[in-house]
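When you get a sec, could you build the whole thing from the sequences and use the hints?
Residue numbers (UniProt numbering), protein chains in the order written: chain A, 1 to 499; chain B, 1 to 379.
Everything labelled a hint here was simulated from the structure, so no lab data went into it. It is possible that part of the hints are untrue.
To be verified - When the alpha-carbon atoms are kept at most 16 angstroms apart in a straight line, the in silico EDC-like pairs for lysine to aspartate or glutamate are as follows:
| no. | chain 1 | residue 1 | chain 2 | residue 2 |
| --- | --- | --- | --- | --- |
| 1 | B | K378 | A | D318 |
| 2 | A | K165 | A | D209 |
| 3 | A | K336 | A | D351 |
| 4 | A | K472 | A | E446 |
| 5 | A | K123 | A | E175 |
| 6 | A | K180 | B | E338 |
| 7 | B | K275 | B | D244 |
| 8 | B | K347 | A | D184 |
| 9 | B | K347 | A | D185 |
| 10 | B | K275 | B | D265 |
| 11 | A | K453 | A | E427 |
| 12 | A | K405 | A | E393 |
To be verified - One-sided excerpt, in silico: chain B residues whose CB lies under 8 angstroms from chain A:
| no. | residue |
| --- | --- |
| 13 | Y93 |
| 14 | S219 |
| 15 | H243 |
| 16 | K246 |
| 17 | D253 |
| 18 | E326 |
| 19 | S329 |
What the hints assert, rightly or not - Computed footprint of chain B on chain A; a stretch qualifies when at least three of its residues, placed anywhere within it, have a C-beta under 8 angstroms from a C-beta of chain B:
| no. | segment |
| --- | --- |
| 20 | 81-95 |
| 21 | 132-140 |
| 22 | 265-272 |
| 23 | 317-323 |
Since we're looking at a predicted model, the values are computed, not measured. Quick reminder that beta carbons are idealized off the backbone N, C-alpha and C, glycines included.
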Amino acid sequence: AVRGCGGVWRRVWQCGAGGSASRGQCAAAGSARGAVVPAGKSGLAPWVPVVGLEIHAQISSNSKLFSGSQVQFAAPPNSVVSFFDASLPGTLPVINRRCVEAAVMTGLALNCSINKRSLFDRKHYFYADLPAGYQITQQRVPIAVNGTLSYSLCTDHKMSQMVTKTVRIKQIQLEQDSGKSLHDDSRSQTLVDLNRAGVGLMEVVMEPDMCCGKEAAAAVRELQLILQTLGSSHAVMAEGQLRVDANVSVHHPGEPYGVRTEVKNINSLRFLAKAVDYEIQRQTEELENGGTILNETRAFDSKLGCTVPMRDKEGKQDYRFMPEPNLPPLILYDTKSLPANINHQQVVNIDRIHERLPDLPSVKRAKLVEQYGILPEHSFTLLNEDGLTEFFESVVKRTQMKPKKVIGWILNDLLSYLNQHSLTVKESPVNSSMLANLLNLLEKKEISSTAAKQVLGELWKGEGKTPLEIVKEKKLELIQDQEALEQICQAVIDGQKNE
Amino acid sequence: QVSAALKEGHVTPTELCQRCLALIKSTKFLNAYITVVEETALKQAEESEKRYRTGQPLGVLDGIPIAVKDNFSTAGIETTCASEMLKGYIPPYSATVVQKLLDQGAVLLGKTNLDEFAMGSGSTDGVFGPVRNPWSYSRQYKEKSVPKSHPEDEDSNWVIAGGSSGGSAAAVSSFTCFAALGSDTGGSTRNPAAHCGVVGLKPTYGLISRHGLIPLVNSMDVPGILTRCVDDAAVVLGSLAGHDPKDSTTIQDNFKPFELPNLIDVSKLSIGIPKEYHAPGLSSEILALWSKAADLFKNAGANVIEVSLPHTHYSIVCYHVLCTAEVASNMARFDGLEYGHRSDMNKSTESMYAATRREGFNDVVRGRILSGNYFLLKQ
Numbered sequence: 001a002v003r004g005c006g007g008v009w010r011r012v013w014q015c016g017a018g019g020s021a022s023r024g025q026c027a028a029a030g031s032a033r034g035a036v037v038p039a040g041k042s043g044l045a046p047w048v049p050v051v052g053l054e055i056h057a058q059i060s061s062n063s064k065l066f067s068g069s070q071v072q073f074a075a076p077p078n079s080v081v082s083f084f085d086a087s088l089p090g091t092l093p094v095i096n097r098r099c100v101e102a103a104v105m106t107g108l109a110l111n112c113s114i115n116k117r118s119l120f121d122r123k124h125y126f127y128a129d130l131p132a133g134y135q136i137t138q139q140r141v142p143i144a145v146n147g148t149l150s151y152s153l154c155t156d157h158k159m160s161q162m163v164t165k166t167v168r169i170k171q172i173q174l175e176q177d178s179g180k181s182l183h184d185d186s187r188s189q190t191l192v193d194l195n196r197a198g199v200g201l202m203e204v205v206m207e208p209d210m211c212c213g214k215e216a217a218a219a220v221r222e223l224q225l226i227l228q229t230l231g232s233s234h235a236v237m238a239e240g241q242l243r244v245d246a247n248v249s250v251h252h253p254g255e256p257y258g259v260r261t262e263v264k265n266i267n268s269l270r271f272l273a274k275a276v277d278y279e280i281q282r283q284t285e286e287l288e289n290g291g292t293i294l295n296e297t298r299a300f301d302s303k304l305g306c307t308v309p310m311r312d313k314e315g316k317q318d319y320r321f322m323p324e325p326n327l328p329p330l331i332l333y334d335t336k337s338l339p340a341n342i343n344h345q346q347v348v349n350i351d352r353i354h355e356r357l358p359d360l361p362s363v364k365r366a367k368l369v370e371q372y373g374i375l376p377e378h379s380f381t382l383l384n385e386d387g388l389t390e391f392f393e394s395v396v397k398r399t400q401m402k403p404k405k406v407i408g409w410i411l412n413d414l415l416s417y418l419n420q421h422s423l424t425v426k427e428s429p430v431n432s433s434m435l436a437n438l439l440n441l442l443e444k445k446e447i448s449s450t451a452a453k454q455v456l457g458e459l460w461k462g463e464g465k466t467p468l469e470i471v472k473e474k475k476l477e478l479i480q481d482q483e484a485l486e487q488i489c490q491a492v493i494d495g496q497k498n499e
Numbered sequence: 001q002v003s004a005a006l007k008e009g010h011v012t013p014t015e016l017c018q019r020c021l022a023l024i025k026s027t028k029f030l031n032a033y034i035t036v037v038e039e040t041a042l043k044q045a046e047e048s049e050k051r052y053r054t055g056q057p058l059g060v061l062d063g064i065p066i067a068v069k070d071n072f073s074t075a076g077i078e079t080t081c082a083s084e085m086l087k088g089y090i091p092p093y094s095a096t097v098v099q100k101l102l103d104q105g106a107v108l109l110g111k112t113n114l115d116e117f118a119m120g121s122g123s124t125d126g127v128f129g130p131v132r133n134p135w136s137y138s139r140q141y142k143e144k145s146v147p148k149s150h151p152e153d154e155d156s157n158w159v160i161a162g163g164s165s166g167g168s169a170a171a172v173s174s175f176t177c178f179a180a181l182g183s184d185t186g187g188s189t190r191n192p193a194a195h196c197g198v199v200g201l202k203p204t205y206g207l208i209s210r211h212g213l214i215p216l217v218n219s220m221d222v223p224g225i226l227t228r229c230v231d232d233a234a235v236v237l238g239s240l241a242g243h244d245p246k247d248s249t250t251i252q253d254n255f256k257p258f259e260l261p262n263l264i265d266v267s268k269l270s271i272g273i274p275k276e277y278h279a280p281g282l283s284s285e286i287l288a289l290w291s292k293a294a295d296l297f298k299n300a301g302a303n304v305i306e307v308s309l310p311h312t313h314y315s316i317v318c319y320h321v322l323c324t325a326e327v328a329s330n331m332a333r334f335d336g337l338e339y340g341h342r343s344d345m346n347k348s349t350e351s352m353y354a355a356t357r358r359e360g361f362n363d364v365v366r367g368r369i370l371s372g373n374y375f376l377l378k379q
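So this is what it looks like as structure tokens:
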């Protein structure tokens, strides 16, 4: 996960306002988004990169989209596969209500129009991890369309300036995940595990409104937070619950979009930014050297840090789309259209889901800023780190120190220590009450802030001592007694005199 | 009638079962059955007998020997669809309709022969050979046909049973069972029923669950019912119809089984005779029978009128396009990876798929898949 925004990766250039880059300044002019790759050596017109994303999020549900088998990460191979998932002849899909609700929640959170009537289609291709020879998806009429996602970027490393951007959401569709195939080249065989076959996915399609790897990663990060807040997907990229395909092209301002390539199956935010930036650079160089861009599918090689063409995906695929005849149109209701005599367990009511939506990250951040008087950048970092907001609020509750001061200890001391040791908030040896105790000692002026940092250093060791115990042990108490202080000062002065 | 006989104790389920099994053996030349499950059938008959003895039969179907077309999944019993692709395939679950019949106490005698994957209208294109119409051996047919010069040719003098549910129709027609399940997409239950002189009912789509019926065209398939009289068909329909949560295309409304009244009043019925059905090339015998049926209704007081179905001549073309498209899709799962036939070719996944499908499917199936894919392609 990205720990706060701002330069973890080296970038060749920067989009947005300001900032320096090793390749020279970006001109703000050139495109509406202000993102431009400066002119190359031949002095031609600048290039405008265009980035669109297709994000597959695994739905957090007990069972799969169309069958009753369990959704279980890292289960023994082929142990959670129903007859339908294995494509046994004669089996039929039955839609999972929870998956529909997850898609509606996500659509509402992304300001989409929910289609009260959506359809399912078959997308055909032959592959070992697709037992039926087709995937059930929503190509013609998906469940949600025309939304927006707002996300923020820091424009410099110091995180002092944040700018808000939006990306249009073209649609959200429900579809099946495929199984997994492992290619064992040494034994010339492919091993197929169907545990994942049939798991529900929400595909979120983002329009090409982004211009570089940083924007793409920031947008996906915000989507990830939203999904996790809604609970519609755990969206843990390392577990394959959130996968991103990036569509990248470049063109001259004022000209039509260039040929795009698709970089598939990116499974970390860092790789996403790298892959997009690399691809923009590759295309720019290729075109400047008089070459052409192939409309192809590529993969990101994380070891080499570059994109490579994918073997199996040459040429354009015709998926022979066909309506899924075993699934009638998916009908959703709102309070107005709800029939009187219907069983509430049998239908999905959009309005009810809307009412029960939790506070989205943007709302949570605004509330934190308002309630505690912290800076917007701080609220971003708090939400970005799993459990940090709760930790912060817990400390604030137990201490007299103002939240504006507490936040410094949280973000500068606690967080940097955790980062250094690659620990999560949950794994922190210092818990919120310990930190609160420490801060209270500081507030009551029983110790100095230097001493406090020293105590914190001891607390990290996790030896179970309380802050007060450490203070006493190391004799870090601030001396309040005026007379005692004068005696010490006199002793020092006397000591100096003797030299 | 046989149900009543079982109830009264005139005959026991075991006797009934044994007689049917014996008849199946003696009519093997009809090739109506692919698989006969003698042991399990006798066991089911035994269970049924116990229930009758304690006066607690499960219903009208308890102890009644039935047969099921070999494109219905039957748990633990080989289900082949008359194809190399599924030879040796033993499903781990039963189709809903099969389970419903078993739950009513019916005795499953075996799986009947068909055209490969239900593609055909003669029951001639399966890997187990064609089904012979029992009427081939009737006095009427023998009198009609020209005697052959050589005695060996006698054996080849038979007529088709129709298809694709020919095996089921022949099984019912030859008295080896009292009811059989077929499937109907474009006539595959009605056609063989007509050929074999039995009742073939195609229920309305959405009335009966297709869960477990290995599909041909998902949007048109229905399980079909073959019996020797209409009342029997109504009984079987009553035990099978109704919403199945495992099949999303079944109607949700509650189904109430009905009984056909003894005296049927047709005076309130309007019977339409589509004029476009009087197609060129219709044989005079069929035309005569058609008129006869219309007269029967007219004389019974129904309102028999001519109607027009102007798109009739497009129907077969539309059917072929839709059918082959869905077939191409439904057959995509047969790749030899999870079940069924798998080719020895193992140079690559693609070559294994290609070889498996070439070896597993007959020409008819392959032809339809190719046509269907052609129709589905965008370019």
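So which hints don't hold here, by number, going up? 7, 10, 11, 15, 17 and 22
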